[in-house]
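K.L.:
Sequence:
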Amino acid sequence: MSKYPTANEYNILDFNELIQDIELYVKHPNLAPLLVWHDSQTLSRDISETLRKEQIQVSIIDAEHAVKSYLIGDVRLETPQGPRMTEVPKNLPLYEPTGNQEVDTAMDANLGKGVILINNVFRANDWVKGFCKYLANSRSFNRLVLGSGWVVVCLESYYQSSNELPSILDLTKFRQAHYQESNKEGF
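Heads up, the sequence shown is in our numbering, so the first residue is 1 and it goes up one at a time.
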């Protein structure tokens with residue numbers, strides 16, 4: 001039995017199909033967030049380059065390694081379960097609603113449209129993983145709201161360095177796809 005969610009003829013995508021799925025998601029951000037299992041060393045860069053050519057903004061976060069460099073002041077509070085994230089990564093298209101619909105609409109419009117690619121979400125520590133999953137599913141964090149034109153796509157490599165696999169609860173809220181760079185066999 002595979003340790004990854006089952007791939008089948010309906011959710012194995014080639015690169016063009018993956019780009020089309022992401023573009024569809026950008027047009028309809030109310031769809032469930034996308035989680036892509038892959039075997040590529042360059043998938044986030046390849047997606048980013050392709051989308052930018054099509055005038056779609058892209059922000060890339062490596063949840064496992066680089067997220068601390070994105071944190072505003074790297075503020076954390078200790079809890080019985082360990083550190084808890086209280087601030088959000090810099091440069092994300094988030095705004096704090098004022099309650100004034102005209103002002104909120106303008107702030108949202110100023111954020112534009114785009115894709116946040118989050119690499120290695122399930123390999124991150126618990127507070128970063130929690131932030132990433134919450135942002136992907138609820139489109140908000142604390143009092144901040146993700147711009148309505150932005151979507152979150154999580155990319156997770158088959159070559160996980162962690163033995164800890166995502167739980168069923170972690171996976172059920174995502175639309176899942178499989179991208180295999182080398183070929184589509186072996187699933």
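A portion of the hints provided could be inaccurate.
[As the list claims (entries may be wrong)] In the PhoX-like style, the derived pairs of lysine-lysine whose C-alpha atoms are separated by at most 20 angstroms in a straight line are:
1) K113 / K53
2) K53 / K27
3) K173 / K53
[Stated by the list, open to error] Ranges of calculated distance between the beta carbons of each label pair, as one might list FRET restraints:
4) L24 / I60: 28 to 36 angstroms
5) T98 / E17: 35 to 43 angstroms
6) E102 / K173: 13 to 21 angstroms
Read the hints as simulated data drawn from the structure, not as lab findings.
C-beta: ideal position from N, C-alpha, C; glycine also.
K.L.:
Between K173 and K53, is the straight-line Cα distance small enough, at 20 angstroms or below?
P.N.:
violated (30 angstroms)
K.L.:
Quick one: are L24 and I60 within 28 to 36 angstroms, going by C-beta?
P.N.:
violated (20 angstroms)
K.L.:
Given the hint that K53 pairs with K27, does the C-alpha gap stay at or below 20 angstroms?
P.N.:
Roughly 17 angstroms separates the two Cα atoms, so the pair holds.
K.L.:
Is it true that the CA of K113 sits at most 20 angstroms from the CA of K53?
P.N.:
Cα-Cα ~14 angstroms, so holds.
K.L.:
Hint says 13 to 21 angstroms; check whether the CB-CB distance for E102 and K173 agrees.
P.N.:
Since E102 and K173 have Cβ atoms about 32 angstroms apart, the given range 13 to 21 angstroms is violated.
K.L.:
Within 35 to 43 angstroms or not, the Cβ separation of T98 and E17?
P.N.:
Taking Cβ atoms as reference, T98 and E17 lie about 40 angstroms apart, which means the hint holds.
Figure legend: structure checked against the earlier numbered hints; hints not met, in rising order: 3, 4 and 6.
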